[in-house]
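The listed protein sequences correspond, in order, to chains A and B.
According to our numbering, the stretch in the first sequence is residues 1 to 112, in order.
According to our numbering, the stretch in the second sequence is residues 113 to 224, in order.
To be clear, the hints were calculated from the coordinates, so they are not data collected in a lab.
Be a bit skeptical, because a hint or two may be false.
Sample of chain A residues with no beta-carbon within 10 angstroms of chain B, all distances over it, derived [claimed, not checked]:
{"id": "1", "residue": "T20"}
{"id": "2", "residue": "E52"}
{"id": "3", "residue": "T54"}
{"id": "4", "residue": "P61"}
{"id": "5", "residue": "N62"}
{"id": "6", "residue": "G100"}
{"id": "7", "residue": "T102"}
Below, a list of computed lysine-lysine pairs in the BS3-like style, where the Cα atoms sit at most 30 angstroms apart [said to hold, decoys possible]:
{"id": "8", "chain 1": "B", "residue 1": "K211", "chain 2": "A", "residue 2": "K57"}
{"id": "9", "chain 1": "B", "residue 1": "K183", "chain 2": "A", "residue 2": "K57"}
{"id": "10", "chain 1": "B", "residue 1": "K219", "chain 2": "A", "residue 2": "K9"}
{"id": "11", "chain 1": "B", "residue 1": "K211", "chain 2": "B", "residue 2": "K223"}
{"id": "12", "chain 1": "B", "residue 1": "K154", "chain 2": "A", "residue 2": "K9"}
Backbone N, C-alpha and C fix where the C-beta goes; we use that ideal spot for every residue, glycine too.
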Amino acid sequence: NAGVTQTPKFQVLKTGQSMTLQCAQDMNHNSMYWYRQDPGMGLRLIYYSASEGTTDKGEVPNGYNVSRLNKREFSLRLESAAPSQTSVYFCASSEATEYGYTFGSGTRLTVV
Amino acid sequence: GESVGLHLPTLSVQEGDNSIINCAYSNSASDYFIWYKQESGKGPQFIIDIRSNMDKRQGQRVTVLLNKTVKHLSLQIAATQPGDSAVYFCAERDYNFNKFYFGSGTKLNVKP
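Build out the structure end to end from the sequences listed, making use of the hints.
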């Protein structure tokens with residue numbers, strides 16, 4: 001099925017560990033995004049990539065890095081995980097930044 | 113970020129009744145709005161959108177109303193069904209920055 005695929009779906013990390021969240025889309029979209037969703041709060045933009053080869057910071061980029069590997073894939077890396085990064089992470093894509101997004105099913109990350 | 117909020121955090125309705133979910137926004141530069149549905153454990157799913165040059169848009173059982181004078185957006189769901197139970201949130205696009213901002217959501221409970 002066409003859409004946005006995120007891996008893994010669940011992850012538990014110890015403080016200080018690193019990991020990479022993977023995201024791939026097969027809709028030939030130009031723009032990709034990483035959001036985090038915390039209880040009682042709206043989705044907050046971490047990083048986005050308006051097109052292949054470009055990345056920009058969103059509202060809450062601290063503690064994260066991203067790589068737009070190619071047009072399909074956009075990964076999010078936590079270099080040294082902290083409990084404050086416990087959240088549900090969503091990847092999304094869109095044809096362009098001015099259009100609505102298609103979201104993946106999310107990665108639930110717990111940092112202990 | 114801009115303020116995108118919802119008036120009611122939880123809404124309970126009887127199956128078959130109509131539901132109305134509200135959203136306030138504060139940015140007069142917002143030119144495009146989307147309603148998303150998020151079921152438990154899943155990513156947000158696009159429901160309906162509306163551009164700022166419109167007041168009303170209808171889909172299948174859903175209607176979105178936009179009142180730019182008071183910066184208010186609503187989602188109406190006709191003949192609400194148990195499958196409509198989810199969190200609904202609105203998103204607004206800032207024309208100047210070409211980014212979306214998301215509200216925190218309203219949880220809709222449909223009672224059989």
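Structure-based check of all given hints:
no., hint, verdict
1, T20, "19 angstroms, holds"
2, E52, "17 angstroms, holds"
3, T54, "13 angstroms, holds"
4, P61, "13 angstroms, holds"
5, N62, "15 angstroms, holds"
6, G100, "5 angstroms, violated"
7, T102, "7 angstroms, violated"
8, K211/B - K57/A, "12 angstroms, holds"
9, K183/B - K57/A, "28 angstroms, holds"
10, K219/B - K9/A, "23 angstroms, holds"
11, K211/B - K223/B, "36 angstroms, violated"
12, K154/B - K9/A, "10 angstroms, holds"
In this structure, the hints that do not hold are numbers 6, 7 and 11, in rising order.
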